[in-house]
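Residue numbers (the numbering used here), protein chains in the order written: chain A, 141 to 275; chain B, 155 to 376.
Hints may be right or wrong, so weigh each one.
What the hints assert, rightly or not - Label pairs and their in silico Cβ distance ranges: (1) K204/A <-> A249/B: 19 to 25 Å; (2) K259/B <-> K208/A: 24 to 30 Å; (3) S171/A <-> K259/B: 54 to 60 Å; (4) L244/A <-> A249/B: 51 to 57 Å.
As the list claims (entries may be wrong) - With a cut-off of at most 25 Å between alpha-carbon atoms, the simulated PhoX-like pairs for lysine-lysine come out as follows: (5) K365/B <-> K254/A; (6) K254/A <-> K346/B; (7) K258/A <-> K365/B; (8) K168/A <-> K142/A.
Unchecked claim - Just some of the chain B residues that point at chain A, by a computed CB distance under 8 Å: (9) F177; (10) G206; (11) P360.
Derived by calculation from the structure, the hints in this document are not laboratory data. We put the beta carbon where it would ideally sit given N, CA and C, even for glycine.
Letter by letter, the chains look like this.
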Amino acid sequence: MKCAFVTVGTTSFDDLIACVSAPDSLQKIESLGYNRLILQIGRGTVVPEPFSTESFTLDVYRYKDSLKEDIRKADLVISHAGAGSCLEALEKGKPLVVVINEKLMNNHQLELAKQLHKEGHLFYCTCRKVLASWK
Amino acid sequence: MRRFSALMCVLILAAAAGAVAAFLILRIWVVLRSRDFMPRESLSILVVAGSGGHTTEILRLLGSLSNAYSPRHYVIADTDEMSANKINSFELDRADRDPSNMYTKYYIHRIPRSREVRQSWPSTVFTTLHSMWLSFPLIHQVKPDLVLCNGPGTCVPICVSALLLGILGIKKVIIVYVESVCRVETLSLSGKILFHLSDYFIVQWPALKEKYPKSVYLGRIV
Chain A
141 MKCAFVTVGT TSFDDLIACV SAPDSLQKIE SLGYNRLILQ IGRGTVVPEP FSTESFTLDV
201 YRYKDSLKED IRKADLVISH AGAGSCLEAL EKGKPLVVVI NEKLMNNHQL ELAKQLHKEG
261 HLFYCTCRKV LASWK
Chain B
155 MRRFSALMCV LILAAAAGAV AAFLILRIWV VLRSRDFMPR ESLSILVVAG SGGHTTEILR
215 LLGSLSNAYS PRHYVIADTD EMSANKINSF ELDRADRDPS NMYTKYYIHR IPRSREVRQS
275 WPSTVFTTLH SMWLSFPLIH QVKPDLVLCN GPGTCVPICV SALLLGILGI KKVIIVYVES
335 VCRVETLSLS GKILFHLSDY FIVQWPALKE KYPKSVYLGR IV
């Protein structure tokens, strides 16, 4: 059974959190073989309600001193395109999907995501496509 | 007669303003061109830690620095508690790993933010000027040998203040700017501004080295 970790660093990325924690998204995630989803929501205003059933657990928190443990436990990391988050996940050798926050200035994060994708280190997408990329 | 003396006053003022401007331009040129290669045992360093990722990146950079770079003065935005925590963890970690480090002092200074994420550009001008007004006294008090930054808005007033210290003949401060690893093809706004004002401008991707041949490229260093 697998664990997925979603991180937005110190930013606010409500679109991603909302998308991933919507009921039909959670169903889809579970159907793909994941029984645990951890959401690190940073400064976001969308705060999903954590829950734990027999088959699925949703954890939600804002910050931790270090995300190393959650990254280590994860089978898949879904991250905003911040350099710190990307580098940490890649250093731990985790499959990484980067989601671009289209609402940021100049969307400068896209450059890094594109380059690392070109070098074969990750996949990137926008919020709308994030569930499709999960597969 | 009165008109003539009024005209004379204006001319004298204009000449004085011109002379001051010329002097400043000359000083700026001299400071930007000077390269101080005197070997030193230690270098006091002022590190600008911007929000989130910037702080993470700069601490990764500092992880490789030797003890010669001390004391370390960190500057963070007054609204940024996260960076303060990260810095304290970093320094404690460093002290733990190498006991001889324990006596290296570090300081955390706070200044108002130049620009909040998504803040409008016109209001950014005012907050930046306000930051300059407050960062110069800090730079003047600390008088670091070297300023290290990697791109948050906070670093522009700091670097300009450091430059001012040199222009006023108080101290030549080495300015080292490391563009964020996020910047693959284009420079950040801070980068574009500080490209001309820094002593060492480091980029982490080859495309940028091509666009800015005067920059330093050492591969990914964070």
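Hint check:
1. K204/A <-> A249/B: 19 to 25 Å: holds (22 Å)
2. K259/B <-> K208/A: 24 to 30 Å: holds (28 Å)
3. S171/A <-> K259/B: 54 to 60 Å: holds (55 Å)
4. L244/A <-> A249/B: 51 to 57 Å: Violated, since L244/A and A249/B (Cβ atoms, about 36 Å apart) do not stay within the stated range.
5. K365/B <-> K254/A: This hinted pair holds, its Cα atoms lying about 18 Å apart.
6. K254/A <-> K346/B: Since the Cα atoms of K254/A and K346/B sit roughly 22 Å apart, the hinted pair holds (cutoff 25 Å).
7. K258/A <-> K365/B: Status holds; Cα separation ~20 Å.
8. K168/A <-> K142/A: holds (13 Å)
9. F177: Constraint on F177/B not satisfied, violated at 38 Å.
10. G206: holds (3 Å)
11. P360: violated (10 Å)
Hint compliance for this structure: hints 4, 9 and 11 are not met, and every other hint is.
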